[in-house]
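Colleague: Please work from the sequences and hints to get the whole structure.
Quick note, the sequences are listed as chains A and B, same order.
Residue 1 is where the first sequence starts when you use the working numbering, and the numbers rise one by one after that.
Residue 1001 is where the second sequence starts when you use the working numbering, and the numbers rise one by one after that.
Keep in mind that a hint or two might mislead.
[To be verified] Okay, derived cross-link-like pairs now, EDC-like style, lysine to aspartate or glutamate, Cα gap no bigger than 16 Å in a straight line:
1) B:K1170 / A:E14
2) B:K1161 / A:E15
3) B:K1161 / A:E18
4) B:K1367 / A:E22
5) B:K1367 / A:E18
6) A:K45 / B:D1177
7) B:K1161 / A:D58
8) A:K53 / A:E64
9) B:K1170 / A:E15
10) B:K1292 / B:D1094
[Stated by the list, open to error] Facing chain B, a subset of chain A residues (Cβ under 10 Å, in silico):
11) E14
12) E15
13) E18
14) F39
Don't read these hints as lab results, they were simulated from the structure.
Even for Gly, the Cβ is constructed at its ideal location relative to N, Cα and C.
Read off the chains here:
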Amino acid sequence: MEEIRDVVLEYVIEEYLEDEDEEINYETPLISGGIVDSFSMVSLKRFLEAQYKISIPDEKASPEAFDTVNSITALVREFIG
Amino acid sequence: MSFNEKIRAMYVEQIEGIKDAGIFKQERFIHSAQAADIEVEFPAGSSLKKAINMCANNYLGLSSHPEVVKAAHEGLDTRGYGMSSVRFICGTQDIHQELERKVTEFLGTEDTILFPSCMDANAGVFEAILTDEDIMISDRLVHASIIDGIRLCSAMHDTFKHSNMIHLEKKLQLHADKRLKVVITDGVFSMDGDTAKLDEMVALCEKYDAMLFVDDSHATGFIGKTGRGTHEKCGVFGKIDIITTTFGKALGGASGGCVSGRKELVEMCRQKARPYLFSNTIAPVVVSGVLKVLDILFESTERRDKLEKNTAYWRKGLTEAGFVLKDGDTPIVPVMLFNAKLSQNISNDLYDEGIYAIGFFFPVVAKGQARIRTQISAGHEIHHLDKALSAFTKVGKKYDILGKTKQEIIEMYGL
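Modeller: In structure tokens, the structure reads:
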């Protein structure tokens, strides 16, 4: 669990944050906080699917489910089984 | 349903909200033709003021060129005012075809289709050529019209960090399983004036079997040694799969745009692109004007050469005066002020000095990136640029920002 959480956090930092942006943590609101636009969620979803060999149905990939590193981790866990 | 008081109050509140946020846009009325010297009514109702225009997309100074105006008059006389039709019903004249042929030759592509605007070209092209089996990978700073076009298309969409080729390559690897991949970028980015790395992008697209899309609206006519665009400058002329561009900037500045590229993609647009199918043909008067513009550009590079010299002179002058500029060599020269209010104040003070240059701030540019975007034209003479430099210097001194670094300006005025 910890490992997934850190992989997701590292990906979000590398993918979405620019050099001058503030640091984020596991509970930082990503979509509602304007760090990730809902448009860019696709790359995160595809990354998770490739990384963990899972398939997340579109209806499960809601902005709410993708809003924090913790909620994303929970979603991944659900599909890893 | 009537537009009752409750509905009116709702909109009034929204408009007030825009004003409170400091992002209310106000038009300035120009009473002259578009040129380096213009006559402006601002604020509304005030007497006319002569000003030097430093913020038009009139890069080649052709918006009011006598030969272009004459050609437009002739087009009006021989082909009429309007066509009252979309292209495929009864809205295609011989001159529309001629313009498509000439644009194809100018851009070094296989075929071209005209659209009412480049906004329409960008809105229609992706939906016409892609399906939900495909992926669009766009630079994060592409123009708003491209974002609208992407939204209208069922293909998956992803982004890469601005001009970051390592990130782009990762995305091409991530989406390797998609049927078709299109990498999407502006040629010259309109807010920063920087140029896409098209040579590297072509190489990556070849490596990963992706198509390359370039919106060259801020480049066609003057970037590259014969003005053909960013692909010429980057040494990849003939290698771009889809170019969209506008006739509303350097190429006479009236209106209209196009999709130019691989002939099958252009044909798909002719069959399926909704802004082409459901919007009127470009007016004959405009087509005639653009044809003349292209004749002028085929004949000589004099105007783009002058623009290049003007741009170098302007950048050097502003740098020596001590302003912070965005790096680059295009005629888009952003003077960085970082603070939104400062950009508005300086714009107003410049106007008092007879210089028309607009402040840009969030949401047009990122927060803390407020600026005055100056745009140089071949229609500017050295005396225009000298007068503008002297006004910028005077106003810069007033706000004590000359010779100051980004950090120092932010410390003085905040973000």
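Colleague: For this structure, which hints from the list above don't hold up?
Modeller: The structure conflicts with hints 7 and 8, although it agrees with all the remaining ones.
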